[in-house]
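Generate coordinates for the entire structure from the input sequences, incorporating the hints supplied.
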Amino acid sequence: MLELSIALELYERHMPFFTGQIKAPDGITLNVLEIGETLERRQGLDRHHRMLRDLEFDICEMSLGSYILGLSRDPDFPIVGIPVFPRRYFSASQIYINANSGIKAPKDLIGRNVGITAFQVTLSVLAKGDLKRDHGVDWRDINWHCMRPEQLPVEFPDGVSVKRIPEGADIGEMLANGQIEALICPQPPAKSLRSLAAAGDKVRRLFKDPEAEDERYFKKYGYFPVMHLLAMRRDTFEKAPELPTAIIEMWNRSKDIAYQYYEDPAYALLAWTSNIYKAQRERMAPDLWPSGIAANRANLQTFLNYCDDQGLMDRPLSVEDLFVESVGNS
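Numbering follows our numbering, with no gaps: position 214 of the sequence shown is 214.
You can trust all of the hints, since none of them are fake.
Pairs of lysine to aspartate or glutamate residues, derived as DMTMM-like cross-links and limited to a Cα-Cα distance of at most 20 Å, are as follows:
hint : residue 1 : residue 2
1    : Lys-202   : Glu-173
2    : Lys-219   : Glu-282
3    : Lys-239   : Glu-3
4    : Lys-219   : Asp-287
5    : Lys-104   : Asp-141
6    : Lys-132   : Asp-214
7    : Lys-220   : Glu-282
8    : Lys-278   : Asp-264
9    : Lys-132   : Asp-309
10   : Lys-107   : Asp-138
11   : Lys-23    : Glu-3
12   : Lys-23    : Asp-256
13   : Lys-220   : Asp-134
14   : Lys-278   : Glu-263
15   : Lys-278   : Glu-12
16   : Lys-202   : Asp-170
17   : Lys-163   : Asp-138
18   : Lys-132   : Asp-108
19   : Lys-132   : Glu-215
20   : Lys-107   : Asp-134
21   : Lys-219   : Asp-209
22   : Lys-104   : Asp-138
23   : Lys-239   : Asp-76
24   : Lys-202   : Asp-108
25   : Lys-23    : Glu-9
26   : Lys-239   : Asp-54
27   : Lys-208   : Asp-134
28   : Lys-239   : Glu-325
29   : Lys-104   : Glu-211
30   : Lys-132   : Asp-308
31   : Lys-239   : Glu-249
32   : Lys-163   : Glu-150
FRET-style restraints, in silico, Cβ to Cβ:
hint : residue 1 : residue 2 : range
33   : Tyr-221   : Glu-325   : 23 to 31 Å
34   : Glu-150   : Gly-200   : 26 to 34 Å
35   : Tyr-221   : Arg-281   : 13 to 21 Å
36   : Asp-264   : Arg-315   : 47 to 55 Å
Since the hints were derived computationally from the structure, they do not count as laboratory data.
All figures in this text were calculated on a predicted structure; none of them were measured in a lab.
Even for Gly, the Cβ is constructed at its ideal location relative to N, Cα and C.
Here it is as structure tokens:
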């Protein structure tokens, strides 16, 4: 019996892994670990760091941006990708501004001080790329302030201003008091979340109707942007080369179970959960979370282009290069 660890965030789409509804293939036992990235879970946090630096898990949910950076530097990178994407964001929904900054539109970010988690964080890469492609705002013309050190070392492009925020500083307070004028961040630290809540009308979203902006994005490009992928240690893959295909099937089953939950109006704490679920299916697509290469090719190619433009690739990579050959037809 091959015993393997898998480190996941406890999303509803992963719940069936934790409840035992999802079974591993014969001959394999999965130890499912609830490990957060910035927020502590039952088995801790810093999931990406622990995989990238220490190869602590056999299979791990991890940052697409850091994975691409590592793979581009080392053809024998000790981690291989599986085309399963358990975390996604639209960038427009995650951009906050100081309400007194004079920022009214994306072009007003030029020359401003903008906070991000780190330069290589997937949402940061996506937002920089989307601002340039969709709004003509070159990321080189913004002063970037990072909350965290880079997961993998990065040499920033010449002429680009990238700084760490002061030790112990609260990014939420910095936004509220104008030390930074905008913030692109999906999950600020708990202290910063409290600061943002306390800021009240001092802080608002860049886009007045972020949901409409997200829907416009989806209708134009046809995808919900990938943030994380599932990846596994190369030596684990060599022991069980059939496992990537099995993981795709397992994750799809888990997602289908999660979708069934949303048919129940009382499933979640949100009063209108089933209504929102139905509206999302009607306005965008029945499934915003497809697995496999084919269904995500445009999304992944765009992100590779963004990484290349931002100096986050040491050699060219194709979409196929990101994944093990056994899933090439997925």
